[in-house]
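**Student:** So you can see what is in the structure, the chains are spelled out below.
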Amino acid sequence: MLALFIVISLGAAFLISLFGRKSKVFCDITCNISTFALFLLSLNSLFVVRQYSTVVYKIGGWIPPLGICLVLDGFSAFMLVTLNLVSFLIAIYSINYMEKYTDKYKFYSLFMLMVAGMNGVILTGDIFNLFVFLEIASVASYALVAFGVEAEELEASFKYAVIGVISSSFILLGIGLLYAYTSTLNMADISLTIAQKGFSSVILFVSVLFMAGFGIKSALVPFHAWLPDAHPSAPASISAMLSGVLIKVLGIYSLMRIFFNIFGVTEVMLTILTALGAISLLVGVFLAIGQWDLKRLLAYHSISQIGYVVLSIGLGTPLGILGGLFHLFNHSIFKSLLFLNSGAVEYATDNRDLKKMGGLKEKMPVTSNTSWIASMSISGIPPFNGFWSKLIIILACVQADRIGLAFIAVIGSILTLASFMKVQKFAFLGKLNTTLDKIKEVPVSMRLSMIIFAAICLFGGLLLIPHLMEYFLKPAVNVLVSGTEYAFTVLGG
Amino acid sequence: MIKNDKKEVGMTLIVKTITRLTVGLILLFGIYIVLHGHISPGGGFAGGLIIALSFIHLMLAFGREAALKRLSEAKAAILESVGALLFLIIAVLGFTGGYFFLNFINKGKPFNLFSAGIIPLCNIAIAIKVGVGLFSIFIVLVILQEDRKE
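Sequence lines, in order, name chains A and B.
Numbered according to the numbering used here, the first sequence spans residues 20 to 512.
Numbered according to the numbering used here, the second sequence spans residues 215 to 364.
Extracted from the complex, chain A is given alone in its bound form (with noise of 0.2 Å):
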């Protein structure tokens, strides 16, 4: 029933902005039930992948080369357990967060066209379903990054909407070119027709254009300057989403799915792949340290996190792509939880200036502690899960005798620890400002959203158990580790 996945965020959106008008609690409700029956879903999808390891569903009951299919891999279930749990989490949050703001019901039925469009991104095997289902995602971004109507919003929106509709054109030429070269959309027909026709300069041309089209919706470094205006604007249930598994399913999965499953990867773009990793990790976290804007220190960091999901995986060995896969799961959650940590702050406190801060834990336990855990996790200190996730990331490059990355990579978490020991000092430890003496906890539904976060931050290590490990990473990491095989498994299904 890989339809669902479409059928019920669509129809929750829609529903949503016809009813929620009215009532509130309509919205919350519909919202919440949605987002927790696709985490079910995607949760169920994980033990279809373990049985019959690909699952290709013909929409309209139209062959694959003709109609378009929706394919469901190891690779695809992972990132829909991926998004469905950070979009669910983020839903409970915004039941009390987005009261502050105006038209809620707005808010939800564009948070579920999103949610919508990146499960299509996810699901389609139609390279030009791809296309749509990213801009329906996209689409819905920037309306929601200007959703606090602001005239630093509406900037941060426009250049975001500027620069995105950009990458989309990029990505729509290439999918172009690629339809006039292949005479077919379905990606795996075109990767048999690839590897027909042979390697061509054509090929290259569109890789480069994949690679800048979604190398600017992951935000990797010489395409980043959309994401520290974008993200720190939205409303932070917003930015968690963007940080957490936007850039992520739009800009990662897409590159990893075309370049490693469609084009079958080579040297040079797992050069390239390495090198744009690399630069991204190390630029990012340099930025980071000298903000004083908490959201914005956190958007830097988004940048060099995904830094190290693209190195990792651009080594092309399976540990490295399993350390890779590994911390994008990881970074979704802990950078959500720091968002929504910073939403709460900005809720309690109205202020986001690191300087004006101070002492928030005795206020605030509950938002400080599972920011301490975040902040932990995301500069890997050992139990949280980020810590497993850059282990491997750094064996993998002792691995392959990369040892100059893996000491990118250490530098890197050392300065993500630096960074991150600023916001711990300044905003949740030593004396508390005096003009935050009336602020108090934030509401429950927020508090029990962080919490499962948190509790999955302490708990993620335990996903590299062996037997757990067959379920979750490893159908994803054969995915990609068996290249253009994805062509004959998915016309073969």
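Hints listed in this document are in silico derivations from the structure and should not be mistaken for laboratory results.
Every value quoted in this text rests on a predicted model; they were computed, and no experiment measured them.
Idealized CB from N, CA, C, for every residue including glycine.
Be a bit skeptical, because a hint or two may be false.
As the list claims (entries may be wrong) - Taking lysine-lysine and the DSSO-like style, the derived pairs with C-alpha atoms no more than 30 Å apart in a straight line are:
no., chain 1, residue 1, chain 2, residue 2
1, A, K125, B, K283
2, B, K321, A, K77
3, B, K283, A, K43
4, B, K289, A, K125
5, A, K123, B, K289
6, A, K119, B, K283
7, B, K289, A, K41
8, B, K321, A, K43
9, B, K283, A, K123
10, B, K283, A, K41
11, A, K77, B, K323
Unchecked claim - If you anchor each label on the Cβ, the simulated ranges turn out as follows:
no., chain 1, residue 1, chain 2, residue 2, range
12, A, N370, B, L239, 58 to 66 Å
13, B, K283, A, K43, 27 to 35 Å
14, A, E118, B, L239, 46 to 54 Å
Position chain B relative to chain A; hints supplied.
**Tutor:** Same frame as chain A, now just chain B:
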């Protein structure tokens, strides 16, 4: 010269007369494009655009009130969601035959008006969504413009 105490809305008499003659035809042509979407060029999107243009035409010639009297903002917002939901429901009804988006209605003879199963129904749903959506975008832009003037 007689002074009008009411502000003159819309454009000149020439434009208004021509609009009165053409606006119905434009609307009809839009509906024609939608209904014949499966047998001739066009379809839900193009037809919906033309339908929206007929309302926008009305608004340009006679002022905002004339168009909003026929289709208010609130109604437009509701219709937009309804159009999208209708499309989704048609797609989901395909599950009765086993597949999402399955063309489950009898397909009939090609090139007849009543043929092609669910395609005409999809076209109608898309036309509602696109037409009303474009109209609401236009309303929002117009309101923004008038707010700025005040």
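**Student:** Mind listing which of the numbered hints don't hold for this structure, in increasing order?
**Tutor:** As far as the earlier hints go, 6, 8 are violated by this structure, in ascending order.
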